[in-house]
Amino acid sequence: MTQDYQLNHLDELEAESMFVLREVAAQFERPAILFSGGKDSIVVTHLAAKAFAPARIPMPLVHIDTGHNFPETLEFRDALADQLGVQLVVGSVQATIDAGRVREETGAQASRNRLQTTTLLDTIEEGKYDACIGGARRDEEKARAKERFFSHRDDFGQWDPKQQRPELWNLFNGNHMPGEHFRVFPLNNWTELDIWNYITREQIALPSLYFAHDRNCVVRNGVILAHSEHLPHREDETPETMRVRFRTLGDLTITGAIESDADTLEKITAEVAATRITERGGRVDDKRSETSMEDRKKEGYF
Amino acid sequence: MSTTNQNSLLRFTTAGSVDDGKSTLIGRLLFDSKSIFEDQLEAVESSSRKKGLENMDLSLLTDGLRAEREQGITIDVAYRYFATPRRKFIIADTPGHVQYTRNMVTGASTADLALILIDARHGLVEQTHRHSFIASLLGIKHLVVCVNKMDLVDFNEDAYHTITSAYRNFSVRLNIPDIKFIPMSALLGDNVVENSANMPWYEGGTLLSHLEEIHVGSDRNLQDCRFPIQYVIRPQTDEDRDFRGYAGRVASGVFKVGDKVVALPSGMQSRIKEIFIGSDPVDRAFPPQSVTMTLESDIDLSRGDMLVRENNQPRSLQEIDAQLCWMGEERLKPAVRYIVRHGTTEVKSTIREVLYKVDINTLHRNEDDKQIGMNDIARVRLRIASPLLTDDYRRNRTTGSFILIDPGTNLTVAAGFIN
Ligand SMILES: Nc1nc2c(ncn2[C@@H]2O[C@H](COP(=O)(O)OP(=O)(O)OP(=O)(O)O)[C@@H](O)[C@H]2O)c(=O)[nH]1
Ligand SMILES: [Mg+2]
Numbered sequence: 001m002t003q004d005y006q007l008n009h010l011d012e013l014e015a016e017s018m019f020v021l022r023e024v025a026a027q028f029e030r031p032a033i034l035f036s037g038g039k040d041s042i043v044v045t046h047l048a049a050k051a052f053a054p055a056r057i058p059m060p061l062v063h064i065d066t067g068h069n070f071p072e073t074l075e076f077r078d079a080l081a082d083q084l085g086v087q088l089v090v091g092s093v094q095a096t097i098d099a100g101r102v103r104e105e106t107g108a109q110a111s112r113n114r115l116q117t118t119t120l121l122d123t124i125e126e127g128k129y130d131a132c133i134g135g136a137r138r139d140e141e142k143a144r145a146k147e148r149f150f151s152h153r154d155d156f157g158q159w160d161p162k163q164q165r166p167e168l169w170n171l172f173n174g175n176h177m178p179g180e181h182f183r184v185f186p187l188n189n190w191t192e193l194d195i196w197n198y199i200t201r202e203q204i205a206l207p208s209l210y211f212a213h214d215r216n217c218v219v220r221n222g223v224i225l226a227h228s229e230h231l232p233h234r235e236d237e238t239p240e241t242m243r244v245r246f247r248t249l250g251d252l253t254i255t256g257a258i259e260s261d262a263d264t265l266e267k268i269t270a271e272v273a274a275t276r277i278t279e280r281g282g283r284v285d286d287k288r289s290e291t292s293m294e295d296r297k298k299e300g301y302f
Numbered sequence: 001m002s003t004t005n006q007n008s009l010l011r012f013t014t015a016g017s018v019d020d021g022k023s024t025l026i027g028r029l030l031f032d033s034k035s036i037f038e039d040q041l042e043a044v045e046s047s048s049r050k051k052g053l054e055n056m057d058l059s060l061l062t063d064g065l066r067a068e069r070e071q072g073i074t075i076d077v078a079y080r081y082f083a084t085p086r087r088k089f090i091i092a093d094t095p096g097h098v099q100y101t102r103n104m105v106t107g108a109s110t111a112d113l114a115l116i117l118i119d120a121r122h123g124l125v126e127q128t129h130r131h132s133f134i135a136s137l138l139g140i141k142h143l144v145v146c147v148n149k150m151d152l153v154d155f156n157e158d159a160y161h162t163i164t165s166a167y168r169n170f171s172v173r174l175n176i177p178d179i180k181f182i183p184m185s186a187l188l189g190d191n192v193v194e195n196s197a198n199m200p201w202y203e204g205g206t207l208l209s210h211l212e213e214i215h216v217g218s219d220r221n222l223q224d225c226r227f228p229i230q231y232v233i234r235p236q237t238d239e240d241r242d243f244r245g246y247a248g249r250v251a252s253g254v255f256k257v258g259d260k261v262v263a264l265p266s267g268m269q270s271r272i273k274e275i276f277i278g279s280d281p282v283d284r285a286f287p288p289q290s291v292t293m294t295l296e297s298d299i300d301l302s303r304g305d306m307l308v309r310e311n312n313q314p315r316s317l318q319e320i321d322a323q324l325c326w327m328g329e330e331r332l333k334p335a336v337r338y339i340v341r342h343g344t345t346e347v348k349s350t351i352r353e354v355l356y357k358v359d360i361n362t363l364h365r366n367e368d369d370k371q372i373g374m375n376d377i378a379r380v381r382l383r384i385a386s387p388l389l390t391d392d393y394r395r396n397r398t399t400g401s402f403i404l405i406d407p408g409t410n411l412t413v414a415a416g417f418i419n
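In the order they appear, the protein sequences are chains A and B.
So that you can map any letter, position 144 of the first sequence is 144 in our numbering, and since no number is skipped, the others follow by simple counting.
So that you can map any letter, position 409 of the second sequence is 409 in our numbering, and since no number is skipped, the others follow by simple counting.
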């Protein structure tokens with residue numbers, strides 16, 4: 001591989017992401033990793049461990065807990081923070097609701113997805129974080145395809161996609177006024193398939209939800225959702241046991257599962273390579289309108 | 001797998017004037033190469049229907065922002081990823097509108113190849129010139145000039161040749177060794193992925209086959225060893241009490257364990273003791289790897305310093321001669337102390353002198369008008385508060401490039417190319 005000083009594609013992506021992570025540590029005073037418990041933020045955390053080895057990752061993991069997370073996600077999160085010896089900061093959407101900062105959505109479409117933004121921005125302000133590293137990728141969604149590596153947010157946490165700073169070569173300009181912050185996306189150039197190939201190569205541990213398992217599910221508008229106490233119940237739905245796995249992990253009220261038998265990394269990678277639907281195709285939150293991701297991102301969403 | 005050899009990744013950008021069909025071409029390329037997922041396709045079909053269009057508007061695949069979809073133009077660069085059995089591609093689809101030139105520069109700065117689109121009805125316009133010149137300034141060595149909308153000129157061969165010869169005349173003054181021309185219709189797909197039945201007079205291949213086959217000589221410089229220190233790793237735990245690692249990305253050259261190195265600017269000498277990628281020791285490092293090095297002796301090094309070889313050192317300059325591509329909405333002001341970000345250093349500067357401005361249509365030097373505003377390209381002399389470790393941009397993109405930041409607004413106002 002390195003005979004002729006050529007890097008393979010995954011090595012090149014890894015080198016770029018490590019560069020971005022180190023640039024954050026060098027340019028900002030209080031950076032943080034936004035950790036969702038999903039595969040992308042797990043890969044970011046793995047890359048950070050590599051970027052700063054043998055030292056510990058010099059920034060906390062910040063998790064915004066909607067209160068509707070899969071228990072597997074939370075267990076995994078705690079174990080990972082423990083193993084890496086990094087600080088874990090949890091912002092609670094429930095606490096934001098209890099404090100009267102936001103009002104819970106009601107009805108059959110209810111979700112805490114959008115409410116997270118307030119909790120996220122409150123948590124950023126409280127922690128005085130000046131750079132928040134996310135696991136978003138440009139290939140996920142058409143508004144995300146427009147992201148810079150260093151993405152500026154004003155002092156209300158808002159993104160202005162029409163006024164993004166130019167970003168030349170690998171020269172990242174993180175200069176900002178007090179109160180403003182940056183979102184940083186080290187995985188910008190990775191595709192879903194790159195992520196799976198890398199997880200397989202590096203043998204990165206993942207929550208069991210990503211692997212095929214039997215689960216009680218309901219099918220709603222063609223989306224397979226995990227049956228749970230948090231999913232607003234509908235009379236006409238009867239949960240049934242299905243063999244499923246998740247392609248992305250978000251709130252359990254909005255994250256669609258797919259029927260699958262893929263229970264190893266190799267099988268998952270093969271399945272991802274053959275699929276004809278994007279991973280966010282199963283996300284109810286993206287289906288609310290044509291520009292729902294852009295609208296949420298402008299407000300300060302992940 | 002066997003045909004995807006070392007050239008497996010190609011990064012390319014679109015360029016050209018507003019409405020010349022860049023986004024439509026990228027949509028067509030993705031669509032005809034079957035690189036669009038079903039749900040994306042459904043979304044574009046339903047948006048096209050909502051706009052009252054009969055056919056699918058392929059530009060909606062990259063024009064993802066609300067304002068772009070409403071106005072029917074591209075505002076900011078969109079990145080798309082696709083692969084054929086022969087190659088992987090990263091596409092930057094950039095805006096043609098002059099107001100958003102800075103976003104075109106952003107997308108083009110990491111590209112190996114640029115597609116320059118020209119509307120067959122209009123021929124070369126100012127943005128064609130500007131984008132071509134910017135591509136040349138950035139050191140892009142391969143261009144594909146796509147003469148688009150051939151369907152609107154009856155697929156006429158003469159119309160095509162008029163444009164190709166005009167472009168050839170213009171491009172002799174550019175520094176781009178490889179220029180290829182293809183007549184096409186992005187809207188209908190002629191010569192994009194499929195050969196055109198409408199232009200039997202054209203004997204070259206399609207755009208996709210050209211992109212799959214082109215050999216892009218690597219930009220990487222393996223001769224001049226340059227390792228800018230990005231971050232110093234000091235674990236300060238019991239096991240690693242004395243560990244002092246220098247983290248960074250190799251800008252150029254090959255570093256091996258045991259090599260004698262010089263630290264700049266101090267001039268102190270040492271040898272490389274270890275090189276790591278993460279926790280894994282390796283015996284050498286080359287661009288664009290991100291590694292951590294330790295040295296035999298304890299010398300004081302910090303972010304902004306550089307490890308090099310004794311007999312091959314960058315120039316340490318406090319007066320810099322550079323081309324600037326101005327992107328700020330406010331004009332260049334001689335009194336402002338712009339911040340220079342160069343590699344891993346940030347330092348104040350003043351622009352001592354504007355030598356000339358480039359007339360974008362003729363590429364002639366204009367020495368009379370030295371007011372520099374948005375989208376101007378100029379040659380300047382900068383005075384830097386403390387010396388920078390530089391090479392020519394042509395020789396080394398990392399040590400030869402910089403950006404200027406306005407200290408009042410924190411905005412990136414210019415891209416700089418060191419001569
Ligand atoms: N007839 C015809 N129309 C085309 C062709 N290519 C693009 N168009 C149309 O030209 C218009 C502009 O196309 P876009 O793809 O948005 O142009 P663009 O170069 O991306 O524009 P900006 O990104 O705003 O600079 C649209 O209405 C397209 O349908 C072509 O080959 N033939
Ligand atoms: Mg466009």
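FYI, nobody ran anything at the bench for these hints, they're computed from the structure.
Remember, predicted model here, so these are calculated numbers, not experimental data.
Worth double-checking, as some hints may not be accurate.
[Claimed, not checked] Only pairs whose alpha carbons sit at most 27 Å apart, straight line, appear in this in silico BS3-like list of lysine-lysine:
id : chain 1 : residue 1 : chain 2 : residue 2
1  : B       : K333      : B       : K348
2  : A       : K267      : B       : K141
3  : B       : K141      : B       : K180
4  : B       : K273      : B       : K333
5  : A       : K128      : A       : K298
6  : B       : K273      : A       : K162
7  : A       : K162      : B       : K50
8  : B       : K51       : B       : K34
9  : B       : K180      : B       : K34
10 : B       : K333      : A       : K162
11 : A       : K298      : B       : K51
12 : B       : K141      : B       : K88
13 : B       : K88       : B       : K50
14 : B       : K273      : B       : K260
15 : B       : K51       : B       : K180
16 : B       : K273      : B       : K256
17 : A       : K267      : B       : K88
18 : A       : K162      : A       : K298
19 : B       : K34       : B       : K50
20 : B       : K50       : A       : K298
21 : B       : K370      : B       : K348
Status of the hints after comparison with the structure:
1. K333(B) to K348(B): Status holds; Cα separation ~14 Å.
2. K267(A) to K141(B): Not satisfied, since the Cα-Cα distance of roughly 41 Å exceeds 27 Å.
3. K141(B) to K180(B): holds (11 Å)
4. K273(B) to K333(B): Violated, at about 47 Å.
5. K128(A) to K298(A): holds (20 Å)
6. K273(B) to K162(A): Cα-Cα ~48 Å, so violated.
7. K162(A) to K50(B): holds (24 Å)
8. K51(B) to K34(B): Given that 27 Å is the threshold and the Cα spacing comes to 24 Å, the pair holds.
9. K180(B) to K34(B): holds (25 Å)
10. K333(B) to K162(A): Roughly 25 Å separates the two Cα atoms, so the pair holds.
11. K298(A) to K51(B): holds (24 Å)
12. K141(B) to K88(B): holds (19 Å)
13. K88(B) to K50(B): Since the Cα atoms of K88(B) and K50(B) sit roughly 33 Å apart, the hinted pair is violated (cutoff 27 Å).
14. K273(B) to K260(B): holds (10 Å)
15. K51(B) to K180(B): With Cα atoms ~36 Å apart, K51(B) and K180(B) exceed 27 Å; violated.
16. K273(B) to K256(B): holds (9 Å)
17. K267(A) to K88(B): With a Cα-Cα distance of about 22 Å, the restraint between K267(A) and K88(B) holds, given a limit of 27 Å.
18. K162(A) to K298(A): holds (11 Å)
19. K34(B) to K50(B): holds (24 Å)
20. K50(B) to K298(A): holds (24 Å)
21. K370(B) to K348(B): holds (22 Å)
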